[in-house]
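**Student:** Since the structure of chain E is provided, determine the placement of chain H on it from the hints.
Protein chains: 2
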Amino acid sequence: MDKARECQKHGKAFGNMGKKAVCLISGGIDSAVSTFIVKDKGYEIYALSFDYGQHHSKELSCAEHIAKAADAQRHIIFPLELHRFGGSALVDDLSPIENHDINDIGRTIPSTYVPARNTVFLSIGLAHAETLDADAVVIGATAADYAGYPDCRPEYIQAYQQMADLATKRGVEGRSVTIDAPVLALSKAEIIRTGLKLNVPFASTWSCYRGQQQACGTCDSCLLRLKGFKEANAKDPIQYAALPDWY
Amino acid sequence: MDKARECQKHGKAFGNMGKKAVCLISGGIDSAVSTFIVKDKGYEIYALSFDYGQHHSKELSCAEHIAKAADAQRHIIFPLELHRFGGSALVDDLSPIENHDINDIGRTIPSTYVPARNTVFLSIGLAHAETLDADAVVIGATAADYAGYPDCRPEYIQAYQQMADLATKRGVEGRSVTIDAPVLALSKAEIIRTGLKLNVPFASTWSCYRGQQQACGTCDSCLLRLKGFKEANAKDPIQYAALPDWY
Numbered sequence: 399m400d401k402a403r404e405c406q407k408h409g410k411a412f413g414n415m416g417k418k419a420v421c422l423i424s425g426g427i428d429s430a431v432s433t434f435i436v437k438d439k440g441y442e443i444y445a446l447s448f449d450y451g452q453h454h455s456k457e458l459s460c461a462e463h464i465a466k467a468a469d470a471q472r473h474i475i476f477p478l479e480l481h482r483f484g485g486s487a488l489v490d491d492l493s494p495i496e497n498h499d500i501n502d503i504g505r506t507i508p509s510t511y512v513p514a515r516n517t518v519f520l521s522i523g524l525a526h527a528e529t530l531d532a533d534a535v536v537i538g539a540t541a542a543d544y545a546g547y548p549d550c551r552p553e554y555i556q557a558y559q560q561m562a563d564l565a566t567k568r569g570v571e572g573r574s575v576t577i578d579a580p581v582l583a584l585s586k587a588e589i590i591r592t593g594l595k596l597n598v599p600f601a602s603t604w605s606c607y608r609g610q611q612q613a614c615g616t617c618d619s620c621l622l623r624l625k626g627f628k629e630a631n632a633k634d635p636i637q638y639a640a641l642p643d644w645y
Numbered sequence: 399m400d401k402a403r404e405c406q407k408h409g410k411a412f413g414n415m416g417k418k419a420v421c422l423i424s425g426g427i428d429s430a431v432s433t434f435i436v437k438d439k440g441y442e443i444y445a446l447s448f449d450y451g452q453h454h455s456k457e458l459s460c461a462e463h464i465a466k467a468a469d470a471q472r473h474i475i476f477p478l479e480l481h482r483f484g485g486s487a488l489v490d491d492l493s494p495i496e497n498h499d500i501n502d503i504g505r506t507i508p509s510t511y512v513p514a515r516n517t518v519f520l521s522i523g524l525a526h527a528e529t530l531d532a533d534a535v536v537i538g539a540t541a542a543d544y545a546g547y548p549d550c551r552p553e554y555i556q557a558y559q560q561m562a563d564l565a566t567k568r569g570v571e572g573r574s575v576t577i578d579a580p581v582l583a584l585s586k587a588e589i590i591r592t593g594l595k596l597n598v599p600f601a602s603t604w605s606c607y608r609g610q611q612q613a614c615g616t617c618d619s620c621l622l623r624l625k626g627f628k629e630a631n632a633k634d635p636i637q638y639a640a641l642p643d644w645y
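Just so you know, the sequences run in chain order E and H. Going by the numbering used here, the first residue of the first sequence is number 399, and it counts up by one from there. Going by the numbering used here, the first residue of the second sequence is number 399, and it counts up by one from there.
Same shape as in the complex, but just chain E (with noise of 0.2 Å):
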């Protein structure tokens, strides 16, 4: 079968054939959704996840999950001792993390803020890409529901592209590697409905900030993601140790 068709048959864009695409994926939801979005224009995708002393490690083998079920061509899980730094409390152990309500969550920079963690991120996502020779490099940011995080705002994505194309080799070949972050004007119920027509495996998405064997549903990622799932009118498929009320 040619190519053309092998695109037509999957419904994939034959444009981004062959084109690479590094993906970021934590093991959550925005990541997971992002990296479905990309496989879904044609992109091979190349995941690349980070061992940085999170509590929740269970994140990782979700990431290599997702992953697989993204047909990677390769998941690369990269050690970065960022807890080496502290300084949040998602990897220092002296801070526990505070519950919020839902209302009051994004209108300030939260405990669990890791410091210039997207760029660090994009910024190995980048290395990767020039060894690659791939066209993007995919973050799961999201503006919506993480208006607490300065790294998650539009702006931000566009000053790193600007950079980007003024670091790489490709940037000054004149074929920039895209930064794309695809969900990144999405609130979080449009991300699960985008996820829930791309088949994302959800059951094996983890969000919790809380390392527990269940996710805990009181910290902010759980109810932000109890929340959207809710308003998109699905059910969670992972199991919760608790509830809110209003779920």
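If you're looking for bench data, these hints aren't it; they were derived computationally from the structure. Worth double-checking, as some hints may not be accurate.
One copy or two, either will do: identical chains are not told apart, so a pair holds if it fits within one copy or between any two.
[Claimed, not checked] Below, a list of computed lysine-lysine pairs in the DSSO-like style, where the Cα atoms sit at most 30 Å apart:
1. Lys-456 / Lys-628
2. Lys-625 / Lys-567
3. Lys-567 / Lys-456
4. Lys-567 / Lys-418
5. Lys-417 / Lys-466
6. Lys-417 / Lys-567
7. Lys-466 / Lys-628
8. Lys-628 / Lys-418
9. Lys-418 / Lys-633
10. Lys-633 / Lys-567
If you're wondering where the values come from, they're calculated on a predicted model, not measured in any experiment.
**Tutor:** Okay, now just chain H, sitting in the frame of chain E:
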């Protein structure tokens, strides 16, 4: 002795007392002189080096000497497995280091280019700066000698600054983390002259791309260093296995 007097005694600018700078120290000349320039301005030095599988790991012991000589408050050697991606002679066992004529260096992107290296290093420096609430990240990028590296150009540093201002908590609060490349516009000879004035321990710096007992005296980096010392009318205190006839 109060802080103002202590500053005067050491000839330091009082305005910067208590300010912190994360200095990326490679073990080479450019980052060593950059560190001493910032130290001379009165900043507290937080040294950061990367163990990224480089052939010339001798750089790292030099980086330790330089950090000590600069009275660094702390020196973190951050492991970074960039060699997982391959793609450069400096981290890839298969590619030999090429020799070039001194006049050809900088005309094209050399095989020693490490993909997105400065972007990765600055980003981890930025993460460290955020956790320390530091005022600057200092990099020894030089535009003059390394015209072949896209991420050593002034427009790259400017674009990185704009991105960093949008990426960070400090940036959001209007207290920019300065991306400082103090030797960016200097020639190698000017960098060496500046370093001699500031008592940079050049005997504890390493520039050679080949990780042998002595510097080779034939790779691009050795040639640029030797040319710099020659133009600065100074003697390079390190030993070379061979010297070019023009030195």
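**Student:** So, for every hint listed, does it hold in this structure?
**Tutor:** For each hint, the structure was consulted:
1. Only within a single protomer do Lys-456 and Lys-628 lie at most 30 Å apart by alpha-carbon distance; the minimum there is 24 Å, versus 57 Å between protomers.
2. When the C-alpha separation of Lys-625 and Lys-567 is checked against a cutoff of 30 Å, the pair qualifies only between copies, where the shortest distance is 27 Å, while the shortest distance within a copy is 43 Å.
3. In this homomeric assembly, Lys-567 and Lys-456 come within 30 Å of each other (Cα to Cα) only across copies, at 27 Å, whereas the closest approach inside a single copy is 36 Å.
4. Taking the closest pair of Cα atoms, Lys-567 and Lys-418 come within 30 Å of each other only inside a single copy of the chain (16 Å); across copies the shortest separation is 33 Å, beyond that limit.
5. Only within a single protomer do Lys-417 and Lys-466 lie at most 30 Å apart by alpha-carbon distance; the minimum there is 18 Å, versus 47 Å between protomers.
6. With identical chains, the CA atoms of Lys-417 and Lys-567 are at most 30 Å apart within one copy only, with a shortest distance of 17 Å there and 35 Å across copies.
7. Only within a single protomer do Lys-466 and Lys-628 lie at most 30 Å apart by alpha-carbon distance; the minimum there is 27 Å, versus 57 Å between protomers.
8. For the identical chains of this complex, Lys-628 and Lys-418 are neighbours neither inside a copy (34 Å) nor across copies (47 Å), given an alpha-carbon limit of 30 Å.
9. When the C-alpha separation of Lys-418 and Lys-633 is checked against a cutoff of 30 Å, the pair qualifies neither within a copy, at 33 Å, nor between copies, at 49 Å.
10. For the identical chains of this complex, Lys-633 and Lys-567 are neighbours neither inside a copy (45 Å) nor across copies (35 Å), given an alpha-carbon limit of 30 Å.
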